[in-house]
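Note that the protein sequences, when read in sequence, are chains A and B. Position 98 of the first sequence, counted from 1, bears residue number 98 in my numbering, the numbering being contiguous throughout. Position 162 of the second sequence, counted from 1, bears residue number 162 in my numbering, the numbering being contiguous throughout.
Treat the hints with caution; some may be incorrect.
[What the hints assert, rightly or not] Heads up, incomplete: computed chain A residues facing chain B, CB under 8 Å, no partners named:
no.	residue
1	Val173
2	Pro176
3	Asp186
[To be verified] In silico DSSO-like pairs for lysine-lysine, Cα to Cα no more than 30 Å straight-line:
no.	chain 1	residue 1	chain 2	residue 2
4	A	Lys210	B	Lys187
5	B	Lys160	B	Lys206
6	B	Lys160	A	Lys202
7	B	Lys159	B	Lys18
8	B	Lys7	B	Lys18
9	B	Lys121	A	Lys202
10	A	Lys179	B	Lys159
11	A	Lys179	B	Lys187
12	A	Lys129	A	Lys8
13	A	Lys112	A	Lys129
14	B	Lys206	B	Lys121
15	B	Lys89	B	Lys187
16	A	Lys129	A	Lys210
17	A	Lys200	B	Lys121
18	B	Lys187	B	Lys206
19	A	Lys179	A	Lys75
20	A	Lys200	B	Lys187
21	B	Lys18	A	Lys202
22	A	Lys73	A	Lys87
23	A	Lys210	B	Lys121
24	B	Lys206	A	Lys200
25	B	Lys187	A	Lys202
26	B	Lys18	A	Lys200
27	A	Lys179	B	Lys121
28	A	Lys73	A	Lys202
29	B	Lys7	B	Lys89
30	A	Lys73	A	Lys8
31	A	Lys112	A	Lys78
32	A	Lys202	A	Lys179
33	B	Lys160	B	Lys7
34	A	Lys210	B	Lys206
Note that these hints are calculated values from the structure, not bench results. Yeah, the Cβ is synthetic: ideal placement off N, Cα and C, and Gly gets one too.
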Amino acid sequence: METLEQIKSRITHALPGARIEIIPNDSPAGQRSLLVDADHGAAIAQFLRDDPELRLDYCSNATGVDWPEAVVKTKIKKQVIVEGVEKEIEETLETLRSGCLETVYHLYSMAKKHGPVILRLRTENRSDKNHLPSLTPVWRSCEFQEREIFDLYGIVFDGHPDLRRILMWEGFVDHPMRKDYVGPDDYDYEPTPHDDVLEKTKQHQAAEVKA
Amino acid sequence: MTIEKPKMDEGLRNELQKQGVFTTTLEGIYNWGRQNSVWPLQFGLACCAIEMIAASMARYDLARFGAEVFRPSPRQADLMIVAGTVTKKMAPQVVRLYNQMPEPKYVIAMGACAISGGPFKQGYNVLKGIDRYIPVDVHIPGCPPRPEALLHAFMTLQKKIENQPLTGANRPRHLQADAPSEFPVPKFGVHDLEPPSNPTVWQSPKMVRA
Numbered sequence: 001m002e003t004l005e006q007i008k009s010r011i012t013h014a015l016p017g018a019r020i021e022i023i024p025n026d027s028p029a030g031q032r033s034l035l036v037d038a039d040h041g042a043a044i045a046q047f048l049r050d051d052p053e054l055r056l057d058y059c060s061n062a063t064g065v066d067w068p069e070a071v072v073k074t075k076i077k078k079q080v081i082v083e084g085v086e087k088e089i090e091e092t093l094e095t096l097r098s099g100c101l102e103t104v105y106h107l108y109s110m111a112k113k114h115g116p117v118i119l120r121l122r123t124e125n126r127s128d129k130n131h132l133p134s135l136t137p138v139w140r141s142c143e144f145q146e147r148e149i150f151d152l153y154g155i156v157f158d159g160h161p162d163l164r165r166i167l168m169w170e171g172f173v174d175h176p177m178r179k180d181y182v183g184p185d186d187y188d189y190e191p192t193p194h195d196d197v198l199e200k201t202k203q204h205q206a207a208e209v210k211a
Numbered sequence: 001m002t003i004e005k006p007k008m009d010e011g012l013r014n015e016l017q018k019q020g021v022f023t024t025t026l027e028g029i030y031n032w033g034r035q036n037s038v039w040p041l042q043f044g045l046a047c048c049a050i051e052m053i054a055a056s057m058a059r060y061d062l063a064r065f066g067a068e069v070f071r072p073s074p075r076q077a078d079l080m081i082v083a084g085t086v087t088k089k090m091a092p093q094v095v096r097l098y099n100q101m102p103e104p105k106y107v108i109a110m111g112a113c114a115i116s117g118g119p120f121k122q123g124y125n126v127l128k129g130i131d132r133y134i135p136v137d138v139h140i141p142g143c144p145p146r147p148e149a150l151l152h153a154f155m156t157l158q159k160k161i162e163n164q165p166l167t168g169a170n171r172p173r174h175l176q177a178d179a180p181s182e183f184p185v186p187k188f189g190v191h192d193l194e195p196p197s198n199p200t201v202w203q204s205p206k207m208v209r210a
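From just these sequences and the hints, can you work out the full model?
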């Protein structure tokens, strides 16, 4: 299979204006992915499926990621001259990462027997601009998984044929897989609480004593 | 008030038995019949159901206890084996199935999830034990419990049925006219089921803390 760089350059050649970024991966797996912009997401997916070289005809998995706003610390090594002697100093840079919601698609080719190519799409923020294009028209297998992402993360897929909750019931409020989800306070009976469950049990008992 | 029942002399009964005369009580034969023909409701919720299926097949042979007839309809079932994780979305249906079973009916909660929520206890989606909504007769811990544990639960239930008096204050629920046979089905709330438990069936145990 072509490298991600080759795929990226071919997409930008075929679809001028598409913004694509290669996300590095420092983990032992080293599996990198393509971050594509939401406006061209559906067209890029169509290209990846129909391109005779790639033929990524099978989406095996679609999932969501919640990126809350966070301060990201990165360490940078710097060469500094102190009293005429060159020294290496480690500096930590703090940058504010804006929050967003993300979908990840794992694409394989049954015809060419290669893969995976990992596709990522990000929303602008976590509250009001949470729309992404649905890839169900491209890969039918995304239908239920996109419903699940809608249910648990609250990403609205434009162009999805049947966007409803799939795991939680109708009338359920909020999206339980988001990092800031607050569940119901039902810590009335915890026989062996520990860690954060112990904290929540204590809070529950304190509220009970007050009432 | 309990009425002391006239008991037949053990020696006399043995003597009669040697002569080919068998004696019993109505209560004894009624419960003997019931305890050896407990038909479970055929449904499973998660991986515990696989162990339940194994228990019903040749190797563990649930048929020895007269409980091999898994019924696909709650109208014909005597026993509900809650085998597996009860999610909040599934709980109303489980209670509804229980309500549709005719009396006398019994419940075995099988596995860590069914008795307490198990490994999913603090999850947003899992009920913390089916005994919050319906009365459970036998709890089996385990994740999942082995078929032997289910057989043990059956034998425990059989002992319970055998010792149920037909009269008096301790008579089973189906012989008490005013005892409830149906239990309220919980509604879907905003984050949780409404109500989170049935207080007539389950109360939060008082925790003793140092």
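For each hint, the structure was consulted:
no.	hint	in the structure
1	Val173	holds, 5 Å
2	Pro176	holds, 4 Å
3	Asp186	holds, 6 Å
4	A:Lys210 <-> B:Lys187	holds, 28 Å
5	B:Lys160 <-> B:Lys206	holds, 27 Å
6	B:Lys160 <-> A:Lys202	violated, 38 Å
7	B:Lys159 <-> B:Lys18	holds, 27 Å
8	B:Lys7 <-> B:Lys18	holds, 19 Å
9	B:Lys121 <-> A:Lys202	holds, 17 Å
10	A:Lys179 <-> B:Lys159	violated, 49 Å
11	A:Lys179 <-> B:Lys187	holds, 26 Å
12	A:Lys129 <-> A:Lys8	holds, 26 Å
13	A:Lys112 <-> A:Lys129	violated, 37 Å
14	B:Lys206 <-> B:Lys121	holds, 19 Å
15	B:Lys89 <-> B:Lys187	holds, 10 Å
16	A:Lys129 <-> A:Lys210	violated, 41 Å
17	A:Lys200 <-> B:Lys121	holds, 14 Å
18	B:Lys187 <-> B:Lys206	holds, 26 Å
19	A:Lys179 <-> A:Lys75	holds, 25 Å
20	A:Lys200 <-> B:Lys187	holds, 25 Å
21	B:Lys18 <-> A:Lys202	violated, 66 Å
22	A:Lys73 <-> A:Lys87	holds, 22 Å
23	A:Lys210 <-> B:Lys121	holds, 26 Å
24	B:Lys206 <-> A:Lys200	holds, 17 Å
25	B:Lys187 <-> A:Lys202	holds, 28 Å
26	B:Lys18 <-> A:Lys200	violated, 67 Å
27	A:Lys179 <-> B:Lys121	holds, 18 Å
28	A:Lys73 <-> A:Lys202	violated, 33 Å
29	B:Lys7 <-> B:Lys89	violated, 51 Å
30	A:Lys73 <-> A:Lys8	holds, 29 Å
31	A:Lys112 <-> A:Lys78	violated, 46 Å
32	A:Lys202 <-> A:Lys179	holds, 22 Å
33	B:Lys160 <-> B:Lys7	holds, 20 Å
34	A:Lys210 <-> B:Lys206	holds, 17 Å
Checked against the numbered hints listed earlier, the structure breaks hints 6, 10, 13, 16, 21, 26, 28, 29, 31; every other hint is satisfied.
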